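Enquirer: Position one of the sequence shown corresponds to residue 1 (full-length UniProt numbering), numbered consecutively onward.
No lab work stands behind these hints: they were computed from the structure. Note that the coordinates shown come from a computational prediction; the quantities given were computed from them, not determined experimentally. For every residue, glycine included, the Cβ atom is placed at its ideal position computed from N, Cα and C. Some hints here could point you the wrong way.
[As the list claims (entries may be wrong)] Have a look at the derived ranges for each label pair, beta carbon to beta carbon: (1) Arg-68 with Leu-8: 22 to 32 angstroms; (2) Met-1 with Val-33: 39 to 49 angstroms; (3) Leu-16 with Gly-83: 14 to 24 angstroms; (4) Arg-92 with Arg-54: 42 to 52 angstroms; (5) Leu-16 with Tyr-90: 45 to 55 angstroms; (6) Asp-18 with Phe-58: 18 to 28 angstroms; (7) Ala-42 with Glu-80: 43 to 53 angstroms; (8) Met-1 with Pro-41: 18 to 28 angstroms.
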Amino acid sequence: MAKVTSKLQVTLPKRLADDHGIVPGDDLRFESVAGVIRMVPARASLRELSVDERLRLFDEASRRIGLRPQPESRGSPETEGRGWVREDLYVRGSTD
């Protein structure tokens with residue numbers, strides 16, 4: 001696990017750097033995506049990736065999203081105790 005220094009610097013694990021061909025002096029781009037910070041080598045661009053590689057990355061991201069625990073569906077505080085529910089809107093005024 002990496003720690004953020006007082007200068008907001010993070011050490012990239014050597015294995016990850018080696019796996020992705022990142023060497024000292026390379027530029028990295030940081031992106032905030034769906035609550036996650038992504039670090040992308042500046043040379044990497046979706047335009048450079050083949051369609052198959054883009055689909056593989058999409059499938060991989062979809063799989064990771066599916067592994068996340070899903071929050072329980074709960075009513076929001078402002079809708080509780082108002083005396084009616086959403087379903088009432090569909091039957092109000094009907095003659096059935």
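Enquirer: Work down the list of hints and note, for each, if the structure agrees.
Expert: Results of checking the hints against the structure:
Between Arg-68 and Leu-8 the Cβ separation comes to about 27 angstroms, which falls inside the hinted range of 22 to 32 angstroms. At about 21 angstroms, the beta-carbon gap between Met-1 and Val-33 misses the expected band of 39 to 49 angstroms. Between Leu-16 and Gly-83 the CB atoms are about 55 angstroms apart, so this pair departs from the stated range of 14 to 24 angstroms. Range check, Arg-92 to Arg-54: Cβ separation about 48 angstroms, and the 42 to 52 angstroms hint holds.
In this structure the hint that Leu-16 and Tyr-90 lie 45 to 55 angstroms apart at CB holds, the actual value being about 52 angstroms. In this structure the hint that Asp-18 and Phe-58 lie 18 to 28 angstroms apart at CB holds, the actual value being about 25 angstroms. The beta-carbon spacing between Ala-42 and Glu-80, approximately 48 angstroms, falls within the hinted interval of 43 to 53 angstroms. Range check, Met-1 to Pro-41: about 22 angstroms between beta-carbon atoms, so the 18 to 28 angstroms window is met.
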